[in-house]
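K.L.:
Here is what each chain is made of, one letter per residue.
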Amino acid sequence: MEPGTDRDEGTEPTLDADFFIRWLDAAAAAVARDADRLTELDAAIGDADHGSNLNRGFAAVTRRLTEKPPNAPGAVLTGAGRTLISSVGGASGPLYGTLLRRAGKELGDAPRVSRVQLAEALRSGVGAVAELGGAGGGDKTMLDALQPAVEGLTRSFGAAATAAEEGALATVPLRARRGRAAYLGDRSIGHQDPGAASSALLIGALADTATRAADDDGHRGNGADRV
Amino acid sequence: MKMLINVPERVVEDALRGMAAVHPELTVDVANRVVVRRDAPVANKVGLVSGGGSGHEPLHGGFVGPGMLDAACPGEVFTSPVPDQMVRAAAAVDSGEGVLFIVKNYTGDVLNFEMAAELAAEEGIRVETVTVSDDVALAAGEGSGRRGTGGTLFVERLAGAVAEAGAPLERVTEVARRVADSCRSFGVALAPCSTPARGGPTFDLPEGELELGIGIHGEPGRERRGMMTSGEIADATVDALVNDLRPDEPVLVLVNGMGATPLLELYGYASEVMRALGERSVVPARTLVGDYVTSLDMAGCSVTLCPVDEELLRLWETPVRTPALRWGA
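These protein sequence lines are chains A and B, in that order. As numbered in the UniProt record's numbering, the first sequence has no gaps in its residue numbers, which increase by one up to the final residue, 227. As numbered in the UniProt record's numbering, the second sequence has no gaps in its residue numbers, which increase by one up to the final residue, 329.
Hints in this document: simulated from the structure, not taken from any laboratory. Hints may contain errors.
Reference excerpt, derived from the structure (chain A facing chain B, CB under 10 angstroms, subset only) [said to hold, decoys possible]:
id	residue
1	ASP139
2	GLY185
3	ILE189
4	HIS219
Derived DEER-like restraints, expressed as beta-carbon distance ranges [said to hold, decoys possible]:
id	chain 1	residue 1	chain 2	residue 2	range
5	B	ALA140	A	ARG63	50 to 56 angstroms
6	A	PRO173	B	ASP39	36 to 42 angstroms
7	B	PRO24	A	GLU131	44 to 50 angstroms
8	A	ASP18	B	ASP39	49 to 55 angstroms
9	A	LYS68	B	GLU170	42 to 48 angstroms
10	B	GLU9	A	GLU9	43 to 49 angstroms
11	A	PRO173	B	ARG280	52 to 58 angstroms
12	B	ARG224	A	GLY136	40 to 46 angstroms
13	B	ALA140	A	GLY137	23 to 29 angstroms
14	B	ARG224	A	GLY134	27 to 33 angstroms
15	B	VAL22	A	GLU131	42 to 48 angstroms
16	A	LYS68	B	ALA21	33 to 39 angstroms
17	B	ALA43	A	PRO173	56 to 62 angstroms
Note that beta-carbon positions come from the ideal geometry of N, C-alpha and C, so glycine has one too.
Assemble the whole structure, with the sequences as input and the hints as a guide.
P.N.:
So, in C-alpha cells, the structure goes:
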C-alpha cells in the first residue's frame, strides 16, 4: 500500500533522518543509472553535461552521508544541499543545493517530520529556486516538475512522483525562457528539459523510498502508518 | 573521436598540472582548482578574479599575471566552477583593497559567483561583480540575457591595467563595467566541438552547413545556413555587430579562433573583417588575431569589437605579462 494515503493523512511525524538518507541514496542511484539519458537530453538543447555533473554531485552527497550521517531530517537536507553547491557547478549545483538547503532549514532540527511537513518545506525550497533562477512555471525548467510535485506530495508520495513525471514530460512542447536552452529560442521546442527530468528522478526516488519503507514495515507487521 | 588525453575525468586536472609545471610565475592549486599569480596578494592593489567552465583556453587561466587577472577558477569542461573555488581565489588575492569578480553571463556562472560573493563578504572581503554579456546573437534583455564571450578578454585586460596602476575598487569596477557594456561579439561555427566526457560532437552540423550566432559552450546557435565564403561570413558578422553597436569611436578588434581553425584561415578571415569594417566606416585601433576564447575543438571564429577612447587605448597599451597575452614587459 502506498504510505500516506489510507492509513493516515500524512500529518503523522513518521519520517526520520534514516528515511531521508535512504531517499538521497536512492536519488544518487537513479541519477547514476540515468546519467547518460540526462546528458543526451542536455546535448539536444544545452551543453551535454547535466548527467555527469549531477552524478558527481550526488555521489559526493552519498559519501558525505555515509561518513557523517546527520541525525535529523533537516540536517540531512541542508548538508546534502551544501555538498551539491560545492561539487556540481553549473546552474544545477546552486539550484538543487538551494532547493535542499532551504527545505532543510524549514524542517529545523525535528527528529521526525510528516509527509505534509516535507511538502511544505519543499514548497519553500522550490520558491527559493524560482527566486534564485528568476524563473516561473512554464519556462521549461526544473520548476515544471517540482511545482506540481509539491502539490502532489500534499496528497501522497505516489501523487508527487506522478505529477513530477508528467510535469517533466510536459516541458517537451515548451519554448525555453530560462537557462542555456533559452538561447535556442524556438529550436528548444520538442525536447524535454533535462533539469525537469532530473527533478522527476529526485521525486521518484522519494516515492520509491516511501514505498520500500511501507513494505518493510508491512513485513515486520508493525503497520505502514509509521511512514 | 581521438583525443590527446589520459582519461576524460582528469582532463582539467592534467591541464592544471601542466600549467604548474611550465609557469613558475603562477601558483597553481591543482586540488582546489585555483590559478593565482605568484606574487599575490599584491600590496595596495585590487584583486581581479574570473573563472568559468574549462574548454575556453587560454581564457581564463592563461590570462593570469601582471596587467590582467590575479586569479582564475577553472570549472569542469563547460561547467561553472563552484563557490568554494572563487572564495579561495578571492582570499588569495585580496590585499585589503577588495576584489572584482569578472563573470561571463551564463546562468551557472552567475549563480555560483553570486553565492561566492556572499560567502567572501562574510569573510570580510569587499567584492564587486561585473557581468559580461556581449553576444549580439541574442536579443538584449530577453530570457537569461546575452551570453558572455570574447568581450571578456577586453574586460579582463582593461580592468587589469587600471588595477595594476593602483586604482581603487570603485574605479576598477567602473572601467570593467564600461568595457563590459560597450563590447559586442558574434561567433560562427563550421564544425561542432567534442567534449572529453562525451567523446563526440555536442551537436550535429552537416557538411556544407554552418551555424551562425553560436555560443562558446558547444551549444547550437540561432540560425543555420549553407556554407559561406570567408568574405560572406565577415560581412554577416560585421553587420550583426555594427547594427547593434554603431561605434563612433575607434575599436579594439578580436578576430578569434574557436579552437580548430588554422591561423592561416584566421588571418585570411581577418583581412575580410578589416575590409568589412572599413566599408562600414569603423576604425580599428588595435587588432588581435588568434585563439583566445575557444570552444574546445570547434572550427569557426568570432569577432569582438570594443570601442575605446584615448584613456582605454592607453590602458590597453600598458605592459601585460600572462601566459597568453604579453607585451611591453
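K.L.:
Now look at each hint and say whether the structure bears it out.
P.N.:
Hint-by-hint comparison with the structure:
1. ASP139: 8 angstroms, holds
2. GLY185: 7 angstroms, holds
3. ILE189: 13 angstroms, violated
4. HIS219: 41 angstroms, violated
5. B:ALA140 to A:ARG63: 50 to 56 angstroms: 43 angstroms, violated
6. A:PRO173 to B:ASP39: 36 to 42 angstroms: 56 angstroms, violated
7. B:PRO24 to A:GLU131: 44 to 50 angstroms: 45 angstroms, holds
8. A:ASP18 to B:ASP39: 49 to 55 angstroms: 51 angstroms, holds
9. A:LYS68 to B:GLU170: 42 to 48 angstroms: 43 angstroms, holds
10. B:GLU9 to A:GLU9: 43 to 49 angstroms: About 47 angstroms separates the Cβ atoms of GLU9 of chain B and GLU9 of chain A, which means 43 to 49 angstroms holds.
11. A:PRO173 to B:ARG280: 52 to 58 angstroms: About 41 angstroms separates the Cβ atoms of PRO173 of chain A and ARG280 of chain B, which means 52 to 58 angstroms is violated.
12. B:ARG224 to A:GLY136: 40 to 46 angstroms: Since ARG224 of chain B and GLY136 of chain A have Cβ atoms about 30 angstroms apart, the given range 40 to 46 angstroms is violated.
13. B:ALA140 to A:GLY137: 23 to 29 angstroms: 25 angstroms, holds
14. B:ARG224 to A:GLY134: 27 to 33 angstroms: 29 angstroms, holds
15. B:VAL22 to A:GLU131: 42 to 48 angstroms: 44 angstroms, holds
16. A:LYS68 to B:ALA21: 33 to 39 angstroms: 36 angstroms, holds
17. B:ALA43 to A:PRO173: 56 to 62 angstroms: Since ALA43 of chain B and PRO173 of chain A have Cβ atoms about 58 angstroms apart, the given range 56 to 62 angstroms holds.
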